[in-house]
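So the sequence shown is residues 1 to 109, counted in the UniProt record's numbering.
Please note that the accuracy of each hint is not assured.
[Claimed, not checked] Quick list of the computed label-pair ranges, beta carbon to beta carbon:
(1) Pro-99 / Arg-42: 52 to 60 Å
(2) Pro-16 / Gly-98: 53 to 61 Å
(3) Gly-88 / Arg-59: 48 to 56 Å
(4) Ala-78 / Pro-30: 41 to 49 Å
(5) Gly-69 / Leu-41: 20 to 28 Å
(6) Leu-89 / Pro-33: 15 to 23 Å
(7) Gly-98 / Ala-27: 27 to 35 Å
(8) Pro-22 / Arg-68: 35 to 43 Å
It should be emphasised that the hints constitute simulated quantities derived from the structure, not laboratory data. A virtual CB, placed ideally from N, CA and C, is assigned to each residue, including glycine.
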Amino acid sequence: MALGLLLAMAGCAPLPAPRIAPPAPAATTPAPPPPSLAVRLRREAWLTRFWEQLTPTQRRRVLSRLRRGDTPLARTEAEAAPVWDGLGLPERNALVFGPGLPRAAAATD
1 MALGLLLAMA
11 GCAPLPAPRI
21 APPAPAATTP
31 APPPPSLAVR
41 LRREAWLTRF
51 WEQLTPTQRR
61 RVLSRLRRGD
71 TPLARTEAEA
81 APVWDGLGLP
91 ERNALVFGPG
101 LPRAAAATD
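Taking the hints into account, I'd like the entire structure generated from these sequences.
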C-alpha cells in the first residue's frame, strides 16, 4: 500500500520545465568606416580655421587633445595656437577625431 501511494504521488509530481535554448545572437552589422577627410571637412568646417577663428569650445576641445599622450604638445592656449596653425588637415582630423597625432606629426615643429 505504501508503495502504491508513493507511485501515485510520483505521478502527480510536476514535470520538469523544458530547457529553452538561449536566443541566437542577432547578426551584428559591422561598424561603418570612418568618414573620409573630405566628408569630415564638410561636416566640421571649423577644422580649416586658424586658432584665432575657433570658438572657445573648439579651442578647449583641441587643447584637451593636445594635452593627451606621454608628452603633451601644449599645456596652454598660447602653446596650442602655433601647434594647431602648423598642422595640416589630415593631422587636425587625426588629432580631434582619431587616435591622436601620428608620431611623425607630433615630432615636427
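For this session: Report the numbers of all earlier hints that the structure fails to satisfy, in ascending order.
Result: 1, 3
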